[in-house]
Amino acid sequence: MRQFTKFIAPALIAVTSLGAIAPGIAEAAPNRHVQAARHYDIRSDIQGLRANIDRAAARRTISQREASGLRRDVVDIQRLYGQYSRGGLSAQETRILGNRVNKVYASLRMERHDYDRRRG
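In case it helps, mature numbering (1 follows the signal peptide of the UniProt record, and there is no 0) puts the sequence shown at residues -22 to -1, 1 to 98.
Don't read these hints as lab results, they were simulated from the structure.
Wrong hints could be hidden among the right ones.
Below, simulated DMTMM-like cross-link-like pairs (lysine to aspartate or glutamate); rule was C-alpha separation at most 20 Å, straight line [unchecked claim]:
{"no.": "1", "residue 1": "K81", "residue 2": "D54"}
{"no.": "2", "residue 1": "K81", "residue 2": "D51"}
{"no.": "3", "residue 1": "K81", "residue 2": "E71"}
{"no.": "4", "residue 1": "K81", "residue 2": "D92"}
{"no.": "5", "residue 1": "K81", "residue 2": "D23"}
With beta-carbon atoms standing in for the labels, derived distance ranges [unchecked claim]:
{"no.": "6", "residue 1": "N77", "residue 2": "R38", "range": "25 to 31 Å"}
{"no.": "7", "residue 1": "T39", "residue 2": "G65", "range": "19 to 25 Å"}
{"no.": "8", "residue 1": "R87", "residue 2": "Q42", "range": "17 to 23 Å"}
{"no.": "9", "residue 1": "D32", "residue 2": "D92", "range": "17 to 23 Å"}
{"no.": "10", "residue 1": "N80", "residue 2": "D32", "range": "16 to 22 Å"}
{"no.": "11", "residue 1": "D32", "residue 2": "L58", "range": "18 to 24 Å"}
{"no.": "12", "residue 1": "R50", "residue 2": "H91", "range": "31 to 37 Å"}
{"no.": "13", "residue 1": "M88", "residue 2": "A15", "range": "18 to 24 Å"}
{"no.": "14", "residue 1": "G76", "residue 2": "R49", "range": "26 to 32 Å"}
{"no.": "15", "residue 1": "S22", "residue 2": "D92", "range": "23 to 29 Å"}
{"no.": "16", "residue 1": "Q61", "residue 2": "A15", "range": "17 to 23 Å"}
{"no.": "17", "residue 1": "Q70", "residue 2": "Y18", "range": "15 to 21 Å"}
{"no.": "18", "residue 1": "S68", "residue 2": "S22", "range": "16 to 22 Å"}
Where is the CB? At the ideal position from N, CA and C, for every residue including glycine.
Sequences are here, hints too, so could you generate the full structure?
Have a look at this one:
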């Protein structure tokens, strides 16, 4: 009986406590994965937007003035992303950033097809 209390009882306590801790670890891992995916998606959207603006300016489908205005909008989005990402991106913050990116994409499309070479 003495051997039971010395070796087996602590082992049983350790096993039961691992059973209580494991679900918490399992919940934290997907959340980290979702956060990383959100960060990657937003960063890639911003980089793609900047590349599209640069490409349109190089092809002269928009003027340099239009391009600089759109780039300023992208810088504002990057600044907002920096503020939001300090504490981790929530679903609402991701949605806000996505909407801002989509608005600049829409502005870029409009600027490409207006052929007036001025902003707005």
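Q. So which of the earlier hints does this model not fit?
A. Numbers 7, 12, 13 and 14, in rising order.
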